[in-house]
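Number of protein chains: 4
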Amino acid sequence: MTLIVKEKQNLNKILDYLNNLSIPYKVNSTKELYLLDIEDTKNLLDEKILLSFEGVIYMTPLLDKPFLWSRKTKNEDTIIPLNHYTIDSKHITIIAGPCSIENKEQLNTIAVQVKNIGAHILRAGAFKPRTSPYDFQGLGKEGLTLLEQCKKEYKLPIISEITDLSQLDLFVDHVDIIQVGARNMQNYELLKALSKINTPILLKRGMGCTIEELLFSAEYLLKGGNNNVILCERGIKTFENSTRYTLDLSAIPVLKKLTHLPIFVDPSHAVGDWQYVESMSLAAIAAGADGLMIEVHHTPLCAKSDGLQSLNIQHFHQLMQKCKKIAQAVGKEIL
Amino acid sequence: MTLIVKEKQNLNKILDYLNNLSIPYKVNSTKELYLLDIEDTKNLLDEKILLSFEGVIYMTPLLDKPFLWSRKTKNEDTIIPLNHYTIDSKHITIIAGPCSIENKEQLNTIAVQVKNIGAHILRAGAFKPRTSPYDFQGLGKEGLTLLEQCKKEYKLPIISEITDLSQLDLFVDHVDIIQVGARNMQNYELLKALSKINTPILLKRGMGCTIEELLFSAEYLLKGGNNNVILCERGIKTFENSTRYTLDLSAIPVLKKLTHLPIFVDPSHAVGDWQYVESMSLAAIAAGADGLMIEVHHTPLCAKSDGLQSLNIQHFHQLMQKCKKIAQAVGKEIL
Amino acid sequence: MTLIVKEKQNLNKILDYLNNLSIPYKVNSTKELYLLDIEDTKNLLDEKILLSFEGVIYMTPLLDKPFLWSRKTKNEDTIIPLNHYTIDSKHITIIAGPCSIENKEQLNTIAVQVKNIGAHILRAGAFKPRTSPYDFQGLGKEGLTLLEQCKKEYKLPIISEITDLSQLDLFVDHVDIIQVGARNMQNYELLKALSKINTPILLKRGMGCTIEELLFSAEYLLKGGNNNVILCERGIKTFENSTRYTLDLSAIPVLKKLTHLPIFVDPSHAVGDWQYVESMSLAAIAAGADGLMIEVHHTPLCAKSDGLQSLNIQHFHQLMQKCKKIAQAVGKEIL
Amino acid sequence: MTLIVKEKQNLNKILDYLNNLSIPYKVNSTKELYLLDIEDTKNLLDEKILLSFEGVIYMTPLLDKPFLWSRKTKNEDTIIPLNHYTIDSKHITIIAGPCSIENKEQLNTIAVQVKNIGAHILRAGAFKPRTSPYDFQGLGKEGLTLLEQCKKEYKLPIISEITDLSQLDLFVDHVDIIQVGARNMQNYELLKALSKINTPILLKRGMGCTIEELLFSAEYLLKGGNNNVILCERGIKTFENSTRYTLDLSAIPVLKKLTHLPIFVDPSHAVGDWQYVESMSLAAIAAGADGLMIEVHHTPLCAKSDGLQSLNIQHFHQLMQKCKKIAQAVGKEIL
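Residue numbers (the numbering used here), protein chains in the order written: chain A, 1 to 335; chain B, 1 to 335; chain C, 1 to 335; chain D, 1 to 335.
One or more hints might be untrue.
With a Cα cut of at most 16 Å, we get these calculated EDC-like pairs of lysine to aspartate or glutamate [what the hints assert, rightly or not]:
(1) Lys65(A) to Asp40(A)
(2) Lys325(B) to Glu333(A)
(3) Lys257(D) to Asp273(C)
(4) Lys48(C) to Asp135(A)
(5) Lys6(A) to Asp37(D)
(6) Lys65(C) to Asp37(A)
(7) Lys6(C) to Asp37(B)
(8) Lys192(B) to Asp135(D)
(9) Lys6(D) to Asp135(A)
(10) Lys6(B) to Asp37(C)
Keep in mind that the hints were calculated from the coordinates and are not lab data.
Just need the whole structure built from these sequences, with the hints factored in.
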């Protein structure tokens, strides 16, 4: 790490600080400035404190480090192989399904239809994080079993959300992709546990979290050894209240520039109203997203959760047709 | 306006209030509730106060009124005829040009090129609202004259930003579309003056303003008699700092549902970095925007303002090619 | 629940929906409106869907329900008894201590000093949720043991943050108050587990969460039977970047009106700079907060985390003197 | 301005750029870095562009310049003398009055009362910037005349909001302080005109504007020669919706550190509900504000604008008593 400092007296305070922590350094100087090369191999330094010393006018920026998510570390786009399907950056991957697993019939009905229409992966929640404790909390383990039956019967890879690390074995046994929800993006104990397995992880951006924080949460997963990480934009909290959250589509080109990880978008949760899902899906693909996650229900108004934002089968069919055209227009394909 | 009130004693307080203001009303009642029909023809009532009375459980929502921007008032999409070009919802309109007019040569160089590449309208600022008083404030009247020369020479309609109503005559004489910038979206004296002319207005959304507030500002223009209003999304202030503002593309389907006015998007100011302009432009068209406003400069790094976010000629050319494909994919055309 | 609907055909669709879910209801009607009394005893309804039906002009608002956090359910301010101290709304409670437990000497040095200066509760983190996986993650169980030694030696109740429910037994055995951090405010599995114990919980508001969402998270705790809940405002994410977060002090009177639970404020994390901690602490007390949580370190710049926002001993002493004056001015006392 | 650049080839590109603009510079170098001293006396450079060149690792920060608002330029707190009263940082100044001037009787009734209770300055709007064009727009010039009569009769300095520079002469003739509203904070033509007069200006922070942007708007006023500038925090737009805006009280210590200008707070507009005005007023004084601006109405529910957020006379009386105690607790006085 390089530090540039003005004035000798400021330099001396920093050297005291470094000596105190036994951190080695070298000093070079020009007429007016001091250059400090610090070797913080044990990661003892708080960079914000260094920056706060008087006279410090420059420090190697944090994001310049060779993080595992960075294109500086690995430039080729990450490819994530699943049973029966592979996620890559040349194809648009469509994940579709109901918000919650309600019962066998509901799940099967939806699974068959989204498969026929062309979805590549089936989504459905068994453990539901709900704002109110009085809302439907999901079928739990029983739900996952129903989901796995669909996977086998329809040869559709499945994704479902984990809400606590006590569920880890269950998820490793049953699902193809484990979803970490927006509310758990900074649940670091969960991330550490998920970093030790190989099951692909779809990591949703927290509604109050920056792109940088999302990348740091991904780093928890990568650092532990799980390289199969998908990032998912799903809206942030802003003052605008005509949509449930504000979908930050600029995150797509920003992330594409910084990281080799696949970028997905969940327009359903972001806008909270099925009428806006189609246009946001098309926009996401046009902006460069690698995949979409869409809520679909055969009878949306009877869904046990998030019915308002679910597309019905017909609208999902129409969405797929349009997505294919946009994908083609940006030189990609939907298998 | 209809009000529903619980309990007689609550009703009586409201009736006192209405009597006090001499506003006529009728009361109907069920077993538990009172229905109050109020005829506030003189617009004397503050609806927020009515809502604040104890026992009021319902009031006709504000946005249900027949505002002039509303599809309830007029469902057909507004068409805006210009010299040499017409803005409508079947074609994607491309506005392009430099942030500021710097001199004749710069303006002409850019105008010729964007015209050749296919832009329909030339943008360039003569009066520049700058955060710092030490930044370049624009060429003023002289700039507008240079801009008008381009208009005549290249048969390109022109748009430029007005920053005070003292400039009104100048703009009416010179430009085809008057831009009201984000910082002036709620400059109501300016809006009132612009409502009295016929020159089309492109009204940018304030960076701290909701979609509802944008529509109310448009209402100032429409109410005075100027029907040629274009709305323009250009990013809102959020906690995310990897882009200059957060481009709110969901505003497009939300506005398209509510209003008959054309919706444009300015990705350049929203993201503040030319590298993200292309993907946000494509996303805007995919989401249903009627037009784009793009900053283009022949030597972006030498621009007197906003050089970082300007596309160079080559990148603008590439953008146009891609925009055409996306337009086609959503069933629209770029003339 | 009461619903008011316009027009017969709209009513019929809703009745179909309710019949479909076998939910009982009664209908009354006036000339223009239909009143529907619905008995959703099994909580089968999604209220957002009901509201989305055409013609629905009113529904009993969600927050009118008798939630356990509500003053409608219990008006008297909640009192939380601890060993050696009681939290109530007549006294200002001061929680102080370092961000992280670093070692025995550091913790003891700070504990003695904050106790002497008048702090009522000692805070210190053993499990640290850090944005980057490369930052100091805390001493874990060993840290809690050191903290408990302080508790015994100095007769100071202690508070520390839990980051996963696997740590639950450890926390129940060791600490007087369990802190749920902002990043875990919506970790519902954790909240459910904490609702089953009696140890008081300090629940921090998520940086992207509304006051309403904070209350719903508190409801998870109260519903399970843990009544000892403290709410803590610690800043929200906004576009302003001169402070780390924006401390939302209006949350204090808003929460005080709605709930009987004690309201604390953590100015240290909110502003992220010790220079602003004092004024925000005084403001919090003036606004009606019941307590403060302040980061204090004997050598802030050598702290292993959050050193920039920690007060040193002298500044903490000065803060306490000023807090006492403000407390007195608003009719409260600091014991 | 100093620039630090890595690698010779990067340096050369910057030198080309500077040569191109004919800007003089000097280069020094160390083993690894190049130091560039640039003399941009004509302010030709766009600093954001310089920063965007590859290899630039440091540039003298913008806020280090000797701006006129800065304590680096002038450390003593600005004192603003008015007829019958002086604004300084040792006393808390209370501005009170109705949102709008409605008629002579209303204004006089309120003026007498707030004067008797101890307000130092009377506020009342004659030109009202309203979100909807159908809302009461104020009495205009006639209102200002009524306000001036109060000023003379009760020897109370008066403040009112200007909404367009065409009103300038009128305001200079009539009022003691001219208010620039939040919606006009970046109306630079208005600021330039106001910079040429001596009447004190109260500049409100825009609801979507940062503290830095507020200071730059103040710089427009100071640069033109008007040194009598008061800054006023009045809430920013955030996702929290239990209050109308989020009052950013951290802005007080941040601004107090940076600038010598007086800092006022308008809690009435920020929270939008009179029930929260008292606690936010006390918090503002505790946080170090120099003054408050409070909406008061003798019959708030009959006010023609913003009645919900206005204190009645009795509540204002109570507020003043409590403000005095808090002022004393922080070592200040209310005359």
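Query raised in the report: Which numbered conditions among the earlier hints are violated in the structure presented, ordered from lowest to highest?
Result: 6, 9
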